[in-house]
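Chemist: Residue strings, one per chain:
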Amino acid sequence: MTFSASSLVFRRLIRPVAPSLVLALGAGLFSPATRAEPVTPEQRALILAALPAEAPAKPARPRKLLVYTQTKGYRHASIETGAESLRLMGERTGAYTTTVTDQPEVFTAASLAGFDAVLFLSTTGEIFTLVESKAALLDFVRRGGGIVGIHAATDSCYHWPEWGSMMGGYFDSHPWTWDRTVTILNEEPGHPFNAPFARQPSFSIQDEIYQLKAPYSRTTHRVILSLDTRRSDFDDPAIAPKIKRTDGDFAISQLRTYEKGRVFYCSLGHNHAVYWNRAILGHYLAGIQWALGDLAADSTPQPKRPQPPLAQDPALFTAVAATGYADHGRAFGWLDTAVAEAGKDPALRDVLEGRLLDLLASPAATPAARQAAAEQLGRILPAALPAKHRALKLLGPWLTDPARVNVARLALEPVSGEAVDELFVKSLKGATGAARLALVQSIGNRRIASAVPALKALLANSDSALAAAAAKALGAIATPKAYAALTAKDTPATAAVWQARLDAARQQPAATVIALARDLTARTDLSVGQRNQAFLHLLAAQPDGGLTPLLEVLASGPSDLQEVALNRLRALEGAAVVARVSSGLSGWSAPVQSAVLAELGRRGDAGATEAVTKALAHPDESVRLAAIAALGELPGQPDSARRLLELALRPGAEGKAAALSLSRLSGPAVGTTLQTAAETGPAPRRAVAVRQLALRGTHEALPYLLSLRQDPEVEVRVAALESLDSLGRTEDQAAVLAWARAARDAGERNRAVRTLIAVTLRDPDVAGRTRPLIAALDDGTSADRLLLLPALPRVANPATLATTLRLARSTDAAVQASALTTLTRWPETEAARGLTDLADTPSLPADQRATAVDAATRLLERDPRGLAAVRFGLLERLLAQTESPEVKRRQLFLLSRARLESFALTAERYVSDSTVAAAAREAALSIRANLVWPPDLTASTAANQLKAATDGNVATAWSVPAREGQWLKIDFKQSRPLRRLTLERGSRTRDHPDTFDIHVSDDASNPGPVRFSGRGNRDSEVIELPAGLQGRYLMIKLTATRADSNWSVAEVVID
Amino acid sequence: MPDASARPASLDAAPACFLFLSIMCPPDSSSPRLVTRRRALQSGFTGLLAAAAAPTLLTTRLWGQTAPSNRIQVGIIGNGLIASSHVGALLGRDDCRIVALCDVWRTAGMKMQARVAEAYGVAGTPALYGTHEELLLRADIDAVFVCTPDHWHAPIAKAALLAGKDVYCEKPLTLTVREGRELVETARRCGRVLQTGTQQRSNAAFRKAATMVRNGWIGDITGIRAVLGEFPQPKVLDERPIPPDLDYDRWLGPTPWRPYHPERIVGNYGGGWRVYNEYGGRKNGDWGAHHFDIIQWALGMDDSGPVEYVPRGWQDTPWQTHRYANGITVERVDRIARGMIEFKGTKGTIWVGRNDVLETDPAPFAARAVRPEETHLYASDDHHTDFFQCIRTRQRPLCDVEVGHRTATACHLNNIAEWVKRPVKWDPVKEEIVGDPIAARYLDRPRRAPFGTL
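Protein chains in written order, with my numbering: chain X, 3 to 1057; chain E, 312 to 765.
To be clear, the hints were calculated from the coordinates, so they are not data collected in a lab. Any given hint could turn out to be false.
The list that follows gives simulated cross-link-like pairs (lysine to aspartate or glutamate, EDC-like), each with its CA atoms no further than 20 Å apart [as the list claims (entries may be wrong)]:
hint: 1; chain 1: E; residue 1: 732; chain 2: X; residue 2: 338
hint: 2; chain 1: E; residue 1: 732; chain 2: X; residue 2: 347
hint: 3; chain 1: X; residue 1: 346; chain 2: E; residue 2: 743
hint: 4; chain 1: X; residue 1: 246; chain 2: E; residue 2: 627
hint: 5; chain 1: X; residue 1: 244; chain 2: E; residue 2: 541
hint: 6; chain 1: E; residue 1: 546; chain 2: X; residue 2: 338
hint: 7; chain 1: X; residue 1: 658; chain 2: E; residue 2: 693
hint: 8; chain 1: E; residue 1: 546; chain 2: X; residue 2: 235
hint: 9; chain 1: E; residue 1: 546; chain 2: X; residue 2: 237
hint: 10; chain 1: E; residue 1: 732; chain 2: X; residue 2: 355
hint: 11; chain 1: E; residue 1: 546; chain 2: X; residue 2: 238
hint: 12; chain 1: X; residue 1: 390; chain 2: X; residue 2: 355
hint: 13; chain 1: X; residue 1: 346; chain 2: E; residue 2: 738
hint: 14; chain 1: E; residue 1: 732; chain 2: X; residue 2: 352
hint: 15; chain 1: X; residue 1: 306; chain 2: X; residue 2: 251
hint: 16; chain 1: E; residue 1: 732; chain 2: X; residue 2: 237
hint: 17; chain 1: E; residue 1: 546; chain 2: X; residue 2: 181
hint: 18; chain 1: X; residue 1: 74; chain 2: X; residue 2: 39
hint: 19; chain 1: E; residue 1: 732; chain 2: X; residue 2: 251
hint: 20; chain 1: E; residue 1: 422; chain 2: X; residue 2: 996
hint: 21; chain 1: X; residue 1: 658; chain 2: E; residue 2: 692
hint: 22; chain 1: E; residue 1: 732; chain 2: X; residue 2: 249
hint: 23; chain 1: E; residue 1: 741; chain 2: E; residue 2: 755
hint: 24; chain 1: X; residue 1: 246; chain 2: E; residue 2: 645
hint: 25; chain 1: E; residue 1: 732; chain 2: E; residue 2: 627
hint: 26; chain 1: X; residue 1: 346; chain 2: E; residue 2: 747
hint: 27; chain 1: X; residue 1: 658; chain 2: X; residue 2: 717
hint: 28; chain 1: E; residue 1: 732; chain 2: X; residue 2: 238
hint: 29; chain 1: X; residue 1: 215; chain 2: X; residue 2: 174
hint: 30; chain 1: X; residue 1: 306; chain 2: E; residue 2: 627
hint: 31; chain 1: X; residue 1: 244; chain 2: E; residue 2: 645
hint: 32; chain 1: E; residue 1: 741; chain 2: E; residue 2: 496
Quick look at which bits of chain X chain E covers, simulated, 3 or more residues with Cβ under 8 Å [to be verified]:
hint: 33; region: 379-392
hint: 34; region: 401-414
hint: 35; region: 562-570
No residue lacks a Cβ here, since even glycine has one placed at the ideal position from N, Cα and C.
Pulled out of the complex, with its shape left as it was, chain X reads as follows (with noise of 0.2 Å):
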């Protein structure tokens, strides 16, 4: 069959739209329409207005394009676009005339010999059905023809190898969607199919961009436009998950030679608007004519170079200072990416810093893009610059404009040496209002000495903004001249200028130093902090940096100079420091001695130890306690480790302060000491150096510990088994077991337990942990089992469950009680199956029994999921063995979350009992209205995220901003009993409404009367309703702001 170029037109014609297969991508529904749509008037005026005149390149003789565009998947819209446009383009400049075609029929020997290239326009999926069309089209090009790829054709034709290593990789999604407006770097300003580019660096366009995957490669294909990775977005979070390449390498064109044939693909061609397109235009231009055997270009491949420096591109400039502040973030940050490419690269850094200057110098920059420029400025200004550096030039009048004085020091004031300086001094001149106090500001950050006779003048100023501020930066300068303007007599004597002198005097001779805190004492109107700075002034200037003052003012001074001399004491360093406060301390008074004690503590030096000791018998209580916590610190004593250790002995905050104190005594013979304690003397007095023994971490003492289960003294066996309990190993558990057992004080039995269960805890083996201590239960005497099971629930497991449960039908009613107490301590909600089979059996006493199901009422009442639908199985029985009318009413309401019609009935049979009747009434209700569970929600918005609220999942939520009139509507498609609302947020904790109403109604449309006003806290998601409320409709509204959190729902539960 042969098919001829008008024949094919023809159909195409007459052809009626198909309908296009359209396969729901993502960016469906904000990309153009994906329905063939035919050219508009105003689409075809705006690509006629944009074709190129003429062709790069004389045809050797009339060529013939095939645009293929047949579609297997997505359907590009603006396929119809591109083709007319490359028709027309074809006809304006002679290059080529054009058939269009989506019939793979035409990919015979015979046909494809009617063209010199084919061009795939957005096709995709497996376009080649058959072998024989495959084979022509590679004949076709092995054999001189041309391939041009536009946008899809790389989501093409995925199983056929050679169609891959011809475009030169295959789509791997696009991370920049159509709405993207991304920056394209010209590889190549001087390749043929570059020229319409005008050897710009860079473009920048909105589209579609390919990321692409194998075989994609610089060794097969000659690259000549790719993404600049700096400008285009690729820390946007919407973007950076999707990028995989982690090469940097986004190739846009590339080129390359096929046995005699050409390729060329280009990955630009979503949106219409490339399709007129100047530039992109000229772009495919060329690239065909190339194809078609026409242009000559360039198709070596070369391995990627670096990108070029963005200082380099002009583009980048001019997209800067378009930029207003409303752009913040996006090509300001380029700068930012401009400087550190500039970091080391001197000479970069001069191209940069003229650009930027430029920017700054132009009227058309916003002033968002000059006060970045600044900035930048700031950074890569060299220091030194000489008086005509055109920055100077530029910036000089800058700095007596009060509009614009801030941006000037952005890029001045960091920048250090003499013309900058003379250039602030001069400007100070002629300056008024808010640019004079920038400058002066800037004058003090800098240091410039030589504006001290300019600030001097201004100290007088009736500003007093400004006289403070030349206070302050001559108080910076410091020199013995700005000392001099600030001290001398016709300047007045603010508070600013204190402070400056102040802040000067660091840098004055101490002769000066002490005038100016004699000058200072005859002022009674000054701070407490500034007179404080004087003192310590006064201190710092002495050659031992004042100890001596500084002792003096500790023993009698006003206590505001006793603050800031304790806090000086700390600086001062040295053993005759520490000799000379230990000997002055018990002369001082007691909060100065208490601080002192912990500075000498902190230092721990011995040389303290006598006067901290003799400071243990203060009278005052806090002394007391400093000495006591400081004599901790101190080398250790025999003698102080003794001390502390009758200290200890003393009840309330000595006796815990001394008990700490001694845990961390460290010295050669205080461990001997203690031991020795330990074994002789008064039993109290042991105790205490027993249960050291664990608070020092003396793990070598384990095997003394265990053998004072022999000790006559019932203290000292209480001791050590307190140090058991931190010391114990899981190997010591035997040993405590049979201690407590073998115990006969009551008191030590009870220590002996205790141990027992913190050793068994820290062995890691939940379940083998307990085999001891149930062995123990099984096999031992009653008074064993009395003993032990109380301290089950701590460590609960299925196998001490059990060992309880069977102990709870015990025939010794002692064991049997106890272990029933037990069960009602138990933490796990499992315990309550057990505990309902309690419960239902007869033999019980009745009373047991009772306890039985409130305990396991309680159980499912803590823990409102605990063991799932088997619950209800359970309350059901417990129900029937319930007397007290108010559990049977707890147990109802517990019932009425069951979804299953057997559990309504059950519930309904209450109904005739008088004393529940209410809440069986309601309960059945609930279980009808749960059946068709789960509601219906609406909300005042993010309407998309309420499915979370009821997906039974807490992790996903609906969240929007806790606004005033934020509103979450339920409805539970049948009028239901409301009595509680849980709104649980999961890990959300703070996301919680502050005041709201509730509102409930039958009725659809009106959400009838506020029934409910509460305000919401982080600590709960419940919401009490009140009594008797029922309804279909229930909504929550938000009455208040959260300003700064948002409202988030992550199920909805309703009781």
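Dock chain E against the given chain X, drawing on the hints supplied.
Modeler: Only chain E this time, still in chain X's reference frame:
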């Protein structure tokens, strides 16, 4: 008053000091009588020293007790999210009293004012100021809490120190490296207490983790990893009208001018002003201030710091990394097995995080007692209590200004490396960036007049 000028001018300062003191202390000033207060604190030292019941002269203030009621009088500067948390805690304490608030946004200030008044009663309504300078003039305020965004931390803290107040400054202590050293110097020459708000150090789990590292329980450290999380990128914001009760110029303070938009200034733990480099250090500042701080503590580096900072992606470095002189590296990763910080050593591993998460390999380490001869770290279990206690004892608190400065330095240097897109080398002794003058420019920022000085 004796005629001081009659004394011979002498460089022997000791007599001059006594003269100074004799003038400063009128002979009839009462020495403080001793009143003790019992409060058992974990450290065993109650040490809350109370003033005498006699009325105190304002000029003879007894540390942290300007009010006859012996409570520390507190001012809160900045009333957003974190202030709310502090106020909640402070209202529950009986050793302090919130007497003043400051906010550039009147609505926020009034809301806090109402909250405090509800707790104290109308008579206890704190005063509300629009500028911190006004608040600092109050002689009856002992201490201030600085709870503003980061760019105001250093200027306000410095002013407070000069005014004779003790300071609790939120983390990170500073916005730039140079601010930190200035704060240290100021605190020392004013003799004042400054606590950095890195309250993780006042927690037993973190303290135990640091103690174990310090004492070599896990051997030599082979690597440290921390999770800081990620902020969204700064959003494109247009200009909105400034609310009439907001002093936006002052909110911006020393930062470059930007048009107002509520999302620029809103406080939000997941975004808001925290995402902008103008006002904060993003995650390196916000969470680095906590985790790098614990790491500094564990390594005993509170007077020093890391020497090299490598940005993520530099020559295939997978994670932002900083390295100490002894070779120990800290990587900022996406996740670790447990907790928020992982210390890996030749003899074990430690995982530690908030909510008392502390796990070790070998497992028993976490609960094992520290022996007396081992190094014990400063024990505090409540950061506010530590601050108030140090106000009384004049000791340097757990997160003293130098500590806060060194930690913040590590945060800022990591950011600088990220901005200049290359490794940055740091000399912690000279406190200078080595061999990179452009990177060194980022150690400080020009300040917008009229807030043009620190």
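Chemist: Determine for every hint whether it applies to the structure shown.
Modeler: Going through the hints against the structure:
1. E:732 x X:338: Distance ~9 Å between residue 732 of chain E and residue 338 of chain X Cα, so the pair holds.
2. E:732 x X:347: holds (14 Å)
3. X:346 x E:743: Holds: residue 346 of chain X and residue 743 of chain E sit about 17 Å apart, inside 20 Å.
4. X:246 x E:627: Holds, at about 15 Å.
5. X:244 x E:541: Roughly 17 Å separates the two Cα atoms, so the pair holds.
6. E:546 x X:338: Status holds; Cα separation ~17 Å.
7. X:658 x E:693: holds (18 Å)
8. E:546 x X:235: holds (12 Å)
9. E:546 x X:237: Given that 20 Å is the threshold and the Cα spacing comes to 12 Å, the pair holds.
10. E:732 x X:355: holds (19 Å)
11. E:546 x X:238: Within the cut-off at roughly 10 Å; holds.
12. X:390 x X:355: Holds - the C-alpha atoms of residue 355 of chain X and residue 390 of chain X are around 15 Å apart, at most 20 Å.
13. X:346 x E:738: Roughly 19 Å between the alpha carbons, so the hint for residue 346 of chain X and residue 738 of chain E holds.
14. E:732 x X:352: holds (19 Å)
15. X:306 x X:251: holds (8 Å)
16. E:732 x X:237: holds (14 Å)
17. E:546 x X:181: holds (17 Å)
18. X:74 x X:39: holds (17 Å)
19. E:732 x X:251: Roughly 19 Å between the alpha carbons, so the hint for residue 732 of chain E and residue 251 of chain X holds.
20. E:422 x X:996: OK: residue 422 of chain E and residue 996 of chain X at ~14 Å, within 20 Å.
21. X:658 x E:692: holds (16 Å)
22. E:732 x X:249: At roughly 17 Å apart (the allowed maximum being 20 Å), residue 249 of chain X and residue 732 of chain E satisfy the hint.
23. E:741 x E:755: Given pair residue 741 of chain E, residue 755 of chain E holds - Cα atoms ~16 Å apart, limit 20 Å.
24. X:246 x E:645: holds (18 Å)
25. E:732 x E:627: With a Cα-Cα distance of about 13 Å, the restraint between residue 732 of chain E and residue 627 of chain E holds, given a limit of 20 Å.
26. X:346 x E:747: Cα-Cα ~7 Å, so holds.
27. X:658 x X:717: holds (18 Å)
28. E:732 x X:238: Status holds; Cα separation ~18 Å.
29. X:215 x X:174: Distance of about 6 Å is within 20 Å: holds.
30. X:306 x E:627: holds (18 Å)
31. X:244 x E:645: Roughly 17 Å separates the two Cα atoms, so the pair holds.
32. E:741 x E:496: holds (15 Å)
33. 379-392: Answer holds; 5 residues pass the 8 Å Cβ test.
34. 401-414: holds (count 4)
35. 562-570: As far as the region 562-570 of chain X goes, the hint holds, because 9 residues have Cβ atoms under 8 Å from chain E.
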